[in-house]
Amino acid sequence: MVIFSVTIARMFKQLKNWLANQRSFLFSWYTKDSQETQEPERSLTELPPETKKQLVDLVQNLPNNPIEQEAISVKLDEAWKRWREDPNNANNSVVILSSPITAVSIIISETMKKWSQQKQIDIKLLPLTARPTEITDIKAKLEHFLKYKSEKENHDEKSVEVMVIPNLGWCFLRSLNGLEGIEYLQSLLCQHFQHRFWVIGAGQVGWEYLDLVCNLSAYCGETFVLPEVSPENLQTWLNPIVEQLSVTFDRPRIDQQLLKNDKDDQTRYFESLANVAEGVSTIAVQVFLKSIYQQVENDDQNEEEQAKSKPNPLAKTPQLPNLPSIDSIDRYILYSLLLHNDLTMSALAESLGDGEGEVQGRVQVLRRKGIIEQQNKILKINPIHYPKLKQELDSNNFIISGN
Amino acid sequence: MIKFMNIQIYWLAQSAKDAVKETAEDTKDIVSQITTGKVAQGILILLTAYTVLRILDKLILWLSEKIAKEWRLRVKQFLPFLRMVVLTTTIVVLMNLFLNLSKENILAVTGTVAVALGFAFKDYASSIIAGVVGLFESSYGVGDRVKIGENYGEVVSYGLRSVRIQTPDDNLITIPHNKIWTEAVSNANAGALEAQVVTEFYFAHEIDVNLVRKILYRVAQTSKYTALKLPIVVIIEEKPWGTMFKLKSYPLDARDEFVYKTDLTSRAKQAFAKHNFAYPRIFDVESAQSNKQ
Numbered sequence: 001m002v003i004f005s006v007t008i009a010r011m012f013k014q015l016k017n018w019l020a021n022q023r024s025f026l027f028s029w030y031t032k033d034s035q036e037t038q039e040p041e042r043s044l045t046e047l048p049p050e051t052k053k054q055l056v057d058l059v060q061n062l063p064n065n066p067i068e069q070e071a072i073s074v075k076l077d078e079a080w081k082r083w084r085e086d087p088n089n090a091n092n093s094v095v096i097l098s099s100p101i102t103a104v105s106i107i108i109s110e111t112m113k114k115w116s117q118q119k120q121i122d123i124k125l126l127p128l129t130a131r132p133t134e135i136t137d138i139k140a141k142l143e144h145f146l147k148y149k150s151e152k153e154n155h156d157e158k159s160v161e162v163m164v165i166p167n168l169g170w171c172f173l174r175s176l177n178g179l180e181g182i183e184y185l186q187s188l189l190c191q192h193f194q195h196r197f198w199v200i201g202a203g204q205v206g207w208e209y210l211d212l213v214c215n216l217s218a219y220c221g222e223t224f225v226l227p228e229v230s231p232e233n234l235q236t237w238l239n240p241i242v243e244q245l246s247v248t249f250d251r252p253r254i255d256q257q258l259l260k261n262d263k264d265d266q267t268r269y270f271e272s273l274a275n276v277a278e279g280v281s282t283i284a285v286q287v288f289l290k291s292i293y294q295q296v297e298n299d300d301q302n303e304e305e306q307a308k309s310k311p312n313p314l315a316k317t318p319q320l321p322n323l324p325s326i327d328s329i330d331r332y333i334l335y336s337l338l339l340h341n342d343l344t345m346s347a348l349a350e351s352l353g354d355g356e357g358e359v360q361g362r363v364q365v366l367r368r369k370g371i372i373e374q375q376n377k378i379l380k381i382n383p384i385h386y387p388k389l390k391q392e393l394d395s396n397n398f399i400i401s402g403n
Numbered sequence: 001m002i003k004f005m006n007i008q009i010y011w012l013a014q015s016a017k018d019a020v021k022e023t024a025e026d027t028k029d030i031v032s033q034i035t036t037g038k039v040a041q042g043i044l045i046l047l048t049a050y051t052v053l054r055i056l057d058k059l060i061l062w063l064s065e066k067i068a069k070e071w072r073l074r075v076k077q078f079l080p081f082l083r084m085v086v087l088t089t090t091i092v093v094l095m096n097l098f099l100n101l102s103k104e105n106i107l108a109v110t111g112t113v114a115v116a117l118g119f120a121f122k123d124y125a126s127s128i129i130a131g132v133v134g135l136f137e138s139s140y141g142v143g144d145r146v147k148i149g150e151n152y153g154e155v156v157s158y159g160l161r162s163v164r165i166q167t168p169d170d171n172l173i174t175i176p177h178n179k180i181w182t183e184a185v186s187n188a189n190a191g192a193l194e195a196q197v198v199t200e201f202y203f204a205h206e207i208d209v210n211l212v213r214k215i216l217y218r219v220a221q222t223s224k225y226t227a228l229k230l231p232i233v234v235i236i237e238e239k240p241w242g243t244m245f246k247l248k249s250y251p252l253d254a255r256d257e258f259v260y261k262t263d264l265t266s267r268a269k270q271a272f273a274k275h276n277f278a279y280p281r282i283f284d285v286e287s288a289q290s291n292k293q
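Residue numbers (the UniProt record's numbering), protein chains in the order written: chain A, 1 to 403; chain B, 1 to 293.
Since the hints were derived computationally from the structure, they do not count as laboratory data. Think of the CB as a built atom: it goes at the ideal place given N, C-alpha and C, for glycine as much as any other residue. Treat the hints with caution; some may be incorrect.
Chain B is faced by these chain A residues, among others (derived, beta-carbon under 8 Å) [what the hints assert, rightly or not]:
{"hint": "1", "residue": "114"}
{"hint": "2", "residue": "118"}
{"hint": "3", "residue": "176"}
{"hint": "4", "residue": "178"}
{"hint": "5", "residue": "184"}
{"hint": "6", "residue": "212"}
{"hint": "7", "residue": "213"}
{"hint": "8", "residue": "352"}
{"hint": "9", "residue": "355"}
{"hint": "10", "residue": "395"}
{"hint": "11", "residue": "396"}
{"hint": "12", "residue": "398"}
{"hint": "13", "residue": "399"}
{"hint": "14", "residue": "400"}
{"hint": "15", "residue": "401"}
Make the full structure from the sequences, and use the hints.
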């Protein structure tokens, strides 16, 4: 009965989201006079290179959304309190799940540092910044950081350790030997539960996989999914950029103006942004970047004059780009990237059980299509394509999350 | 008493003779009403039906490949029904055109057709009826992976008389529907996207079965093709020549069956090679004798 009501609730939510997304399309059929009453579209061009660079720099230097860190801290406090009160029976771990395109390790590391200062508790942060190149090294590294340190340093039986694994995705690879690290971690989670408290960060897709394969949720306590970011929060978070570049906001379509007539353009923009980005900060910031254009004051201006004139950035209604067409082979590659959050080319090939040369060609095509991003040697999914890619994989029998 | 029975038999024979004569006359009347215009209309209707069928075939197959995988088989399996509707409509329209479907005409034509079918097209009629029955019984549908008799493959089309199966060797086999009366039909996925794949491995008796089991589970769990929401099972069976392991699992898409099996086998063999597992040995009489000496 509970499952049934949860399913109904989820279906209702999906329908609501779909209606919200399709609202402009649906209403365009009813508002017959929309074409007549709509203000003429302002002329927009690409931002001048300097302004664009400034915008990209500002976005890159933007601190993590503080709302996510606050939510983690609250959850952590609750779990910590319960465990300290009853270490024998309460869960000694918290798993924090994020979307696979969110840099969960940075969020957790920063949050845990603040939390440890605030609580005056020493934490042991797993010092991995990427997945070990040799997959067989994962277990050895975990043993070195988690087992030996704790045994050497823990002289006092009553002392308490807080072990932090910022990104569980770096502790495994979907290959024959790639799950040994997780098996080792499972054995640790069962030991010394009165003295050790675990904080584990993971991507939702990777977590679903590990749960199905290793039954990991049985070993861990509570799982906490990062909350969806609200429009107000997005507005506050992105406000420094908006103010610094004096970004103005485009008037929405007439039907949206009618629906939200009591709200200003900026509020409407951030409501659409939060909706389109499904409440994920990483997606929201990319959609925000894509929606900024240069507003041309006078259509008769030539390019030289436009370049000389003062930049006048305008944020258009936020929209997700269409997902480029992908083959069934590409789906396996993209799913593998979501499963591990990020991968090198050799690790990607190993996780697919294919040759590196074979995979490289397909990855290049996907990079050109803009679905995959490469930073140094690390391959990731472009966050702006994540919502549609998720739907595509979900409808093609891949396990994304919660289904 | 015998005389009374003879009279009765004579009366029955006489009335049957009359009925045949009447039917023949009715049929003659109907045939005489066929004109060139009607024949032209009939040809036009047939051509239209053929075009509609071809368009439907292409459209449904195109659509099924374009939409999400989970809907592929459902869309494909709608095709036989649509074909049946088009064919039935065409037949009814043609009959109405040529036979003027009054109660008497239907009776006359049905009698004639029944006699003709009974002798000449017995198997054909049986296949068509089996095809219609099969639509409702759903023994197999387009996209299913079936074994009928000795033939295994994916059902690629469901016609009025027969079903077409594409084998793993890319051969197209046409099997009449009436096989379902007599042959067992084995359907691997029955409308689902996944079909179980059984991969067999053989080892010597002294093998560490727990280690092999663990490796086989891991091989299936780490294959990119595996549908993890469906169960993975390893079955062990002792044979006189060694130990047999059956890895039962499901690919995300039944179409990947053979690629999946290859992936499982090759990755498992890589792992087995690392552990130097012993494979079953065929008992060599000569070497045994030489060892004795």
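To see whether the hints hold, each was checked on the structure:
1. 114: Violated - the Cβ of residue 114 (chain A) stays beyond 8 Å from chain B, reaching only about 37 Å at its closest.
2. 118: violated (40 Å)
3. 176: Residue 176 (chain A) check passes; min Cβ-Cβ to chain B is 5 Å, inside 8 Å.
4. 178: With a closest approach of 7 Å, the residue 178 (chain A) hint holds.
5. 184: Result: violated, 15 Å to nearest chain B Cβ.
6. 212: Residue 212 (chain A) check passes; min Cβ-Cβ to chain B is 5 Å, inside 8 Å.
7. 213: Constraint on residue 213 (chain A) satisfied, holds at 5 Å.
8. 352: holds (5 Å)
9. 355: Interface hint status for residue 355 (chain A): violated (12 Å vs cutoff 8 Å).
10. 395: holds (3 Å)
11. 396: holds (4 Å)
12. 398: holds (7 Å)
13. 399: Since chain B brings a Cβ to about 6 Å from residue 399 (chain A), closer than 8 Å, the hint holds.
14. 400: violated (11 Å)
15. 401: violated (12 Å)
Going down the numbered hints, you'll see the structure goes against 1, 2, 5, 9, 14 and 15, while the others check out.
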